[in-house]
Amino acid sequence: MILIRAILALLLLGYCGTALAGDYTLVVARSPVTVDGNGHTALTINGQLPGPTLRFTEGEDVTLHVKNTLDELTSIHWHGFILPGDMDGVPGFNGFSGIAPGKTFTYHFTVKQSGTYWYHSHAGTQEQGGLYGSIIVTPKGGDIVKSDRDYIAVLSDFTAANPDRILTNLKADPGTYNFHKRTMVDFFRDIARDGLGNTLRDRLAWGAMRMDPTDLADVSGYTFLINGKSADDNWTGLFKAGEKVRLRLVNASSMTYFDVRIPGLKMIVIQADGRNVMPVPVDELRIAVAETYDVIVVPAQEKAYTIMAESMDRSGYARGTLAPHDGMTGEIPPLRPRTLLTMADMGMEGMAGMSIAGADMGGMPGMDMSHMDHMGHTTMSGDAKDEGPPRGWVDASTPAGLRALSYADLKSLTPQKDTRAPSREIIVRLGGTMERYIWTINGKSYADAEPIQLSYGERVKLTFVNETMMAHPMHLHGMFVQLLNGQPAERLPDKHVVNVPPGQSYSVLLTADAPGEWAFHCHLLYHMESGMMRKVVVARLAAGVTAPKAGG
Amino acid sequence: MDMEDPAMSMPPFHMVRVEGDWAHKDGVDLASWEVEASIGRDVNKFVLKSEGEVSDGVTHEAEVWGLYNREIAEFWDLQAGLRQDFAPVDTTFAVIGVEGLAPQFIETAAYAFVSHRGDVGARIEQSIDLPVTQRLIATPHLKADFWARDVPEYDAGAGLAMIETGLQLRYEITRKFAPYVDLNYQRGIGETAGRLRASGEDAGELTFRIGLRIWI
Numbered sequence: 002m003i004l005i006r007a008i009l010a011l012l013l014l015g016y017c018g019t020a021l022a023g024d025y026t027l028v029v030a031r032s033p034v035t036v037d038g039n040g041h042t043a044l045t046i047n048g049q050l051p052g053p054t055l056r057f058t059e060g061e062d063v064t065l066h067v068k069n070t071l072d073e074l075t076s077i078h079w080h081g082f083i084l085p086g087d088m089d090g091v092p093g094f095n096g097f098s099g100i101a102p103g104k105t106f107t108y109h110f111t112v113k114q115s116g117t118y119w120y121h122s123h124a125g126t127q128e129q130g131g132l133y134g135s136i137i138v139t140p141k142g143g144d145i146v147k148s149d150r151d152y153i154a155v156l157s158d159f160t161a162a163n164p165d166r167i168l169t170n171l172k173a174d175p176g177t178y179n180f181h182k183r184t185m186v187d188f189f190r191d192i193a194r195d196g197l198g199n200t201l202r203d204r205l206a207w208g209a210m211r212m213d214p215t216d217l218a219d220v221s222g223y224t225f226l227i228n229g230k231s232a233d234d235n236w237t238g239l240f241k242a243g244e245k246v247r248l249r250l251v252n253a254s255s256m257t258y259f260d261v262r263i264p265g266l267k268m269i270v271i272q273a274d275g276r277n278v279m280p281v282p283v284d285e286l287r288i289a290v291a292e293t294y295d296v297i298v299v300p301a302q303e304k305a306y307t308i309m310a311e312s313m314d315r316s317g318y319a320r321g322t323l324a325p326h327d328g329m330t331g332e333i334p335p336l337r338p339r340t341l342l343t344m345a346d347m348g349m350e351g352m353a354g355m356s357i358a359g360a361d362m363g364g365m366p367g368m369d370m371s372h373m374d375h376m377g378h379t380t381m382s383g384d385a386k387d388e389g390p391p392r393g394w395v396d397a398s399t400p401a402g403l404r405a406l407s408y409a410d411l412k413s414l415t416p417q418k419d420t421r422a423p424s425r426e427i428i429v430r431l432g433g434t435m436e437r438y439i440w441t442i443n444g445k446s447y448a449d450a451e452p453i454q455l456s457y458g459e460r461v462k463l464t465f466v467n468e469t470m471m472a473h474p475m476h477l478h479g480m481f482v483q484l485l486n487g488q489p490a491e492r493l494p495d496k497h498v499v500n501v502p503p504g505q506s507y508s509v510l511l512t513a514d515a516p517g518e519w520a521f522h523c524h525l526l527y528h529m530e531s532g533m534m535r536k537v538v539v540a541r542l543a544a545g546v547t548a549p550k551a552g553g
Numbered sequence: 003m004d005m006e007d008p009a010m011s012m013p014p015f016h017m018v019r020v021e022g023d024w025a026h027k028d029g030v031d032l033a034s035w036e037v038e039a040s041i042g043r044d045v046n047k048f049v050l051k052s053e054g055e056v057s058d059g060v061t062h063e064a065e066v067w068g069l070y071n072r073e074i075a076e077f078w079d080l081q082a083g084l085r086q087d088f089a090p091v092d093t094t095f096a097v098i099g100v101e102g103l104a105p106q107f108i109e110t111a112a113y114a115f116v117s118h119r120g121d122v123g124a125r126i127e128q129s130i131d132l133p134v135t136q137r138l139i140a141t142p143h144l145k146a147d148f149w150a151r152d153v154p155e156y157d158a159g160a161g162l163a164m165i166e167t168g169l170q171l172r173y174e175i176t177r178k179f180a181p182y183v184d185l186n187y188q189r190g191i192g193e194t195a196g197r198l199r200a201s202g203e204d205a206g207e208l209t210f211r212i213g214l215r216i217w218i
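Going down the list, the protein sequences come from chains G and D. If you want this note's numbering, it's the position in the first sequence, counting the first as 1, plus 1. If you want this note's numbering, it's the position in the second sequence, counting the first as 1, plus 2.
Source of the hints: derived by calculation from the structure; they are not laboratory data. Computed from a predicted model, the values in this text were never measured in an experiment. Just to be clear, a hint being listed does not mean it is correct.
Some chain G residues near chain D, calculated using beta-carbon distances under 8 Å [what the hints assert, rightly or not]:
#	residue
1	R166
2	T169
3	K172
4	V186
Calculated pairs, DSSO-like style, for lysine-lysine (alpha carbon to alpha carbon, straight line, at most 27 Å) [to be verified]:
#	chain 1	residue 1	chain 2	residue 2
5	D	K178	G	K182
6	G	K445	D	K178
7	G	K141	G	K462
8	G	K241	G	K182
9	G	K230	G	K267
10	G	K113	G	K462
For each residue, glycine too, the CB sits at the ideal point set by N, CA and C.
Start from the sequences, fold in the hints, and give me the full structure.
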């Protein structure tokens, strides 16, 4: 009897041990949370904000039961995952209509990748309400980069305001959250510094376009969090001096770009969007909404180091600490100054920013080209970059001699399998009118637009042309794109989010190797909710016809 | 409800803005209001507007407008509907016009109307928000009324009949709650001035008003 029980137990153990098949339950609810010492009711997953970190293994068959206890529709999207279309979690795509109140939806897919990713709601503005969490996928043979400590750092923007209310407010008054507008005080100060003529010309130039150069971020009033903890709560990761610490940075915010640095520590970037890159040592990096970056730091001293994540508009910061013991804090550097957009960000600096291959230049909304001859380099004070106030979207006030990560630095660690040249180019114009808070792709809102059709297996070049003065983090579901960042074809990096700065063009390559309907949108939540989305349809060729095999 | 479109998953957007102020001039209590409300989505909206003035309990101006609003250009909307005046005299107008943002951020509205008595008129309104500080906003504003022919009910002569201009200074305690002061000058022009004087009123009136601007 005992023998039979033992054999049964061993068999059971063997079954669980060999079959990589994780079964996970996520309950979506409205629950009380404490953020920055204050009680709030937020949207949570398993009662937590952020939701629990999911840990998968590459090759694992995962089953995720998502139970909706809200009185509205919900959905969870697995950001950056290659999986069947009906498991992607976007209501209205691939026959998935979301998870109705009271219902449970079971996702089932095989994990075909490794790295740091995240998950979030794809229904309405729920992502802003707290429905987000991280995912760590361990590679089959273990991580190539060994580290002594491994920490997830989920960056997010928390607000007590009702997110639907935020969007209503933006529609009524798009500048409602902007407390850094140019005032009469600024006007007279600029006259004193640059002269009346230059200042008037500058104000009239922006006024002619009805655009505001202070429009860096649409929403303010956030509390910025690392792993759900505010700067005062001080999330802390422990280390022993000399250890290699891996920090998995995930930007799970709805609207915030963070400039991340750890004063005193160099960050070695080893992964971007979950994909291994040749290590790049940097002093700071700007992480766009929905991007992830894995960095290695080696704290040499037995002291506290501050993880400083300033919001790009300098309205606040998220702060964490790496320390030998709990309760230690490092020095928090003062917030660096906020930048001001320039005409170059509009792509108007001698047309240098407009490298558009074959695009139709006519009809760019809000851009009156006849004013270009009036554009002197007006409010730029001096050429020395670290002397004057910051100017232009890119300027994060990085001190001279320190290095900020750029897309050009990313180089795929594993050679790309598909190095074919693209067979065609698809222009993706990013547009919008701030005054109406309407955001568009190729001049149309999601509701008015036709899907973008791709043939299964084809290789295309997507060229983003940003006709607005805001940066947009563009995300395509279901497939990775390769940045055309100057690296050789087999070393182009994979990304699932591509940040396109204001006034810039940026091209990426895509192999359409995932059949189905895929969402393609700006990951700034309120932009997506205002129309900046498209459906991309990758259709299989007729039966019996196969796509050409990818070369090399 | 179309679940496919993220924009359609939200209810239509709404906005209501109310300004009410009070002045005391030459022993007379003056109160005025201005309301604008809208509901709809990006392209199509329904707009309700109202304005009026009461002096010493007597309403001498009261208008209510109901308009269908449609986006026609990047910064401009076409509006058409009805305007109902309850004071100085019950009058119903058909209205058509445009509202939008002119270059240099000048809020502009221009309307043409025809009353049930056959009077044809027009109105132009412009204003611009000039932040003095992040919460103290100076708003110069201008309104002009035109009539095609004399309108005795409105004490108005043909042509440019009345202009109202001024400088409002509001302090946004929150974006949605702002007390303000308004230095306001109203003047009848030409023929209208004569008619006003004949009715025993001043042709021009300068008032210092104190008010509250709220929106939800």
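Cross-check of the supplied hints:
1. Given hint, R166/G at the interface with chain D, is violated; its Cβ is 10 Å from that chain's nearest Cβ, farther than 8 Å.
2. The interface hint given for T169/G holds, since its Cβ lies 5 Å from the closest Cβ of chain D, which is under the 8 Å cut-off.
3. The interface hint given for K172/G holds, since its Cβ lies 4 Å from the closest Cβ of chain D, which is under the 8 Å cut-off.
4. Interface hint at V186/G: satisfied, since its Cβ lies 6 Å from the closest Cβ of chain D, which is below the 8 Å cut-off.
5. Under the criterion of a C-alpha separation no larger than 27 Å, the hint pairing K178/D with K182/G is consistent with the structure, at around 17 Å.
6. The straight-line distance between the Cα atoms of K445/G and K178/D is roughly 31 Å, outside the 27 Å bound, and the hint therefore fails.
7. This hinted pair does not check out: K141/G and K462/G have alpha carbons roughly 31 Å apart, beyond 27 Å.
8. With a C-alpha separation of about 46 Å, the suggested pairing of K241/G with K182/G is violated against the 27 Å cut-off.
9. Between K230/G and K267/G the alpha-carbon distance is near 24 Å, which keeps this suggested pair within the 27 Å criterion.
10. Restraint check: the Cα-Cα separation between K113/G and K462/G comes to about 24 Å, which is no more than 27 Å; the hinted pair holds.
Against the hints set out earlier in the document, violations occur for numbers 1, 6, 7 and 8.
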